[in-house]
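S.K.: Whole structure, please, built from the sequences with the hints as guidance.
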Amino acid sequence: MASSWCWSCLSRLRATPTPRAILPPQSITPRITTASFHSSAVQYANPTKKKGALVAVKYRQGQTLRRKKKKTTERARPPAVGERKALRKRIVLSNPNALEVEGMQDLSSETMVDARLRGSVLGLPVPMLDQLRAVQAFKPKQGWSIFRRPGTVLRRDTLEMARLFEKISGEGDAAEKGKVVKKIVTGLKGSGKTVHLLQAMAMGFVKKWVVVTVPDARELVSGDTSYSPIEGTNPPQYVQPNAVSALLMRTVEANRQVLASLKVSQKHSALPSLKASSTLEDLAKLGFQDAAVAWPVFQALWTELTATAAAPGMEKDFKPRPPMLVTVDGIAHWMKESAYRAADYSPVHAHDLVFVKHFISLLQNGQASLKNGGMVLYATSTSNNPAIYTLDIALEQLAARQAGVSPSSPDYPAPEAYSGADARILELFKPTTGKEPQFELQTLGGLTRDEARGYLEYFARSGLLREEVNETWVGEKWSLSGGGIIGELEKLGRHVRSTAQTTPVLN
Amino acid sequence: MARPTPNGLTQAFQALRLHSSTTSRPVTRCLARQTRTYATEVEGQQPSALATQEQAPAAPEIDFTNFSRRPARIVPASPSYFSGSPRFIDHVLKLESLQAKYASLPTVAAGDAPRMAWFKLAQFRDYVGEPVPMKKYKSLVKILQRLNRIQPEMVPGDVKRTLESFLRPGNPYAVQHVQRTVDENGRARAKGKRKESTAVVQLVEGEGEVIVNGKSLVEAFQRVHDRESALWALRCTQRLDKYNAWITVRGGGVTGQAEAITLAIGRALLMHEPALKPVLRKAGVITVDARRVERKKPGHVKARKMPTWVKR
Amino acid sequence: MIVRKLCVRQSRQLLALNRQAPAYTRFLSTETPIDTAVQTPPKESSTPAQNPLHEVVQASRDIAQLNPRQQWGELEKRRHTFNNLGSSVQESYDPEDLIRNPPKPSDITLEMLLAAGTHLGHSTSRWNPQNSRYIFGIREGVHIISLDVTAAYLRRAAKVVEEVAARGGIILFAGTRKGQKRAVVRAAELAKGYHIFERWIPGSLTNGQQILGHCETKVVNAMDQELPEFKADLADRPSVKPDLVVVLNPLENVVLLHECGLNNVPTIGIIDTDADPTRVTYPIPANDDTLKGTSLIAGILGRAGEAGQKRRLEMAAEGKTAYEPITARQLRLDPLTGSAPPGSDLDKAEQA
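The listed protein sequences derive, respectively, from chains C, Y and U. Be aware that the first sequence starts at 314, since it is given in my numbering, and climbs by one per residue. Be aware that the second sequence starts at 367, since it is given in my numbering, and climbs by one per residue. Be aware that the third sequence starts at 16, since it is given in my numbering, and climbs by one per residue.
Worth flagging that the hints you see were computed from the coordinates, not collected in a lab. Cβ atoms here follow ideal geometry from the backbone N, Cα and C, with glycine treated the same way.
Just some of the chain U residues that point at chain Y, by a computed CB distance under 7 Å: (1) Trp87; (2) Leu187; (3) Tyr209; (4) Ile211; (5) Ile226; (6) Cys230; (7) Glu231; (8) Lys233; (9) Phe245; (10) Gly334; (11) Pro340.
M.R.: Laid out in structure tokens, this is it:
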């Protein structure tokens with residue numbers, strides 16, 4: 314088959330282009346992609362009309378598609394650092410749109426033990442609100458902001474606790490002054506564990522106790538605050554100076570009145586700058602400025618508060634110390650390894666943090682530590698709760714002991730073999746020995762129907778509920794809230810909506 | 367054309383249904399010249415081969431001298447032989463002829479006709495021994511239903527017999543459901559289903575406490591709506607504070623479990639108080655929701671969703 | 016001229032004035048009025064027998080009290096009484112008649128074929144030129160099939176069917192189009208043949224053992240009585256193949272015709288102007304799109320088969336067959352070793 318190429322033509326075409334006077338300029342001749350055998354006809358033909366712009370184009374210009382660039386719109390200024398968190402953590406305690414509840418009583422030393430007021434809502438006294446804020450007793454997600462002023466239900470557990478407060482303060486008929494009550498508060502989600510702690514704090518303020526709180530146990534183990542090992546300890550212990558400093562600040566802010574009235578009564582060699590005549594408030598304030606001495610200051614403060622007598626030579630201004638209330642919320646976070654790391658990068662167990670250990674050990678040696686009596690309330694949490702198998706077993710053991718199951722019986726719950734149970738936790742939850750009183754497990758359940766009715770009536774009287782609160786309606790809400798779980802009752806009570814008409818019963 | 371080997375030729379003649387006596391002749395495609403032996407489907411065999419030696423033991427009993435005992439042909443048993451499913455077609459034709467024959471007989475409304483349990487498809491397939499498609503069996507059942515609608519006093523005997531031959535063994539409609547009642551401990555036990563969930567409820571008189579799978583209602587159902595729908599039977603009859611429920615629910619999701627409980631509680635409540643039936647019926651509590659998830663089909667993204675159309 | 020119409024046409028006002036007119040128009044008539052006697056209210060007791068309606072009215076009064084069987088009997092009786100009243104209709108077309116009582120081949124007339132519409136072919140553009148010899152002409156763009164050709168071919172096909180039936184052949188009537196079912200079944204019933212009115216399963220002939228293997232067969236004697244003693248010998252036999260296939264719609268049964276061709280089974284088919292006449296052995300040029308036409312042809316062929324069967328049975332009654340009957344020995348032979356018997360007894364016998 315003959316080639317369609319004439320090789321001589323081809324070489325002439327490519328190598329030596331003949332001068333073409335009559336040809337249009339090279340640039341506008343159509344490009345011949347395949348030269349046919351006789352290309353002259355194509356070459357000499359009139360150039361085909363090209364589409365407009367192509368004639369005038371210069372090198373690399375206008376060939377590409379031009380699109381308008383998207384204009385970057387100016388965004389609003391991003392929120393300042395911490396602004397969002399502040400918004401998130403903001404606690405609103407009052408709603409001016411809600412109705413003032415007529416005849417609502419405040420929490421006081423009389424009302425809190427009054428069984429006739431059971432089921433009613435007691436308002437928190439206004440001057441106490443600052444103290445409660447200082448100890449961070451209010452949590453953002455609680456529904457304080459829907460009522461005119463904060464108040465809590467006087468339920469059975471509250472009344473029992475109030476009586477304990479009276480006893481420990483030495484006011485009741487059966488004086489048990491100086492006793493230490495230790496409780497672990499558990500319960501379903503929304504059953505009011507944190508509010509129970511808040512009520513305890515309020516009662517502590519009413520009774521002029523010293524209130525020391527850890528509002529969120531997680532903050533101490535989540536690796537957010539600075540920590541440093543204590544020299545000479547084995548296994549190494551760690552101190553968290555900033556967290557201690559913050560605790561001192563909270564404590565002073567909340568208990569200023571009590572602390573200012575108490576004078577230093579012991580010698581503190583670690584604090585040379587402390588004057589002999591200074592108050593406990595001054596002592597605590599030492600830890601504010603310099604976080605490095607916060608831990609010794611805290612230790613000094615603790616010894617001062619738990620002192621039963623003054624050191625020799627300092628008896629002049631000694632006043633008996635009040636009982637102490639210690640509360641911790643979210644205890645489960647302290648039952649695992651913390652987010653801190655040791656020098657060899659091994660995780661630090663929460664019990665190796667001195668500050669944590671200090672509070673935890675109160676369960677075992679509370680009476681020994683709190684010599685003036687007091688109450689230790691540690692609550693679990695269900696909203697931010699690590700699943701800790703050993704703690705569950707330990708709480709079950711506690712419940713079994715309370716139910717009268719002896720630890721040697723086969724019914725006594727034990728961790729499964731090879732489950733890797735944490736021995737330190739089991740050790741912590743072992744029954745105490747000697748004079749030390751046992752710590753208890755307090756499981757918060759739901760409100761009774763009467764309490765629930767009082768609570769829902771409070772909603773109605775605050776203008777949040779437009780329905781008639783009667784026996785059947787309350788009973789229905791009580792069932793729907795899983796047996797009077799107070800958080801669920803609150804959801805149902807604040808649910809302003811048109812409920813479906815229930816059909817009347819025919820018979 | 368090459369001359370074929372005798373073996374191949376035999377086969378070829380079998381296919382052509384020719385006599386083996388024609389093996390000596392070249393095969394021709396002319397139909398007119400072929401000899402056909404009708405009434406036989408035995409191919410390539412000479413009928414004169416009734417040889418003297420008889421080996422089969424049963425042979426002497428047949429009297430071949432008798433013309434009527436002599437076999438003549440092998441024919442299909444049914445005129446529908448070539449349809450591939452002769453028995454089914456014969457049934458259909460028979461029923462159609464019956465329907466045409468008794469078309470003028472008065473009928474009753476479909477609801478008034480006696481309830482008959484026809485063969486299920488699988489049973490019918492076993493009965494006829496043929497792979498009958500669903501659609502065709504449905505058309506047959508349609509005829510059966512029409513015949514069944516004939517005024518019961520006037521059903522002719524042959525129709526009655528024919529219809530009875532299509533009934534599945536055992537009469538499922540004869541079984542009367544035993545009304546279940548509260549047991550001696552005052553518990554009413556009932557089941558309910560919805561989507562993939564199954565709920566078993568034990569309802570006793572009480573104060574309105576509800577336990578779901580050993581947990582409280584709040585733990586089992588986070589949403590208020592689910593709790594409300596689970597207890598709707600009690601709520602709409604205002605019995606919430608009069609009964610305690612102990613519930614076991616398995617499978618499915620939250621909504622399905624809640625609505626399975628609704629149904630189960632409704633049924634259990636009926637055992638306690640049968641007079642509540644109209645109220646519960648109106649509230650939609652004892653109505654079974656039989657909807658299930660539609661299966662995914664090949665070629666679809668989901669049950670019905672088609673893939674996006676893409677140009678090329 | 017009709018007075019009534021005149022009134023309507025000429026004076027509407029007259030009608031408009033006279034509002035009772037509709038009641039009277041019923042009685043207006045061009046016929047001369049007959050004087051009738053003054054009507055007296057008939058006494059019911061005196062004239063029950065004279066009034067034919069009396070019985071009916073009486074029956075309808077107490078029909079509600081009867082049980083359903085009696086009610087139906089009453090209705091039937093009434094229907095029977097009144098159905099033959101009124102004008103007597105003659106020469107009417109009853110579509111059922113073609114199925115119930117189809118004509119014999121000897122009754123074929125061109126009028127009958129014309130009335131059945133067998134002459135109508137397809138649009139001329141769709142024709143198959145091989146059919147040109149059957150085509151009479153073109154009318155309104157449609158080919159007209161020559162009816163005398165149709166009649167001749169139909170008679171020939173009828174003869175074929177009759178002869179095959181007389182020789183004990185298996186005749187299969189196939190009409191798979193919608194509506195042909197009854198005609199096909201009826202033709203098969205008449206000719207003692209076989210029918211197929213649903214889809215032809217491809218491979219029923221070429222792969223018969225697989226497709227028809229499970230279908231029952233039987234051994235009959237010359238009088239068509241079943242011989243159950245040979246039932247055991249029927250196992251593992253090849254499936255039965257038809258000896259003649261009648262196709263009412265060959266265009267839609269190409270597979271069937273192809274298989275028949277492969278198996279050397281002769282076929283009869285209704286060939287419309289767009290069909291290929293060489294696909295069937297015995298074409299019947301006719302319209303295959305009219306159910307009336309196809310029912311007629313199927314019926315005629317069924318009748319032909321009926322005649323053939325009758326003849327065969329008559330012969331059998333005399334102890335004769337027009338075919339070579341299968342022998343007991345052939346039945347006993349193992350069908351698995353092939354139709355040529357083992358040890359080639361047959362060959363020896365043949366040579367002998």
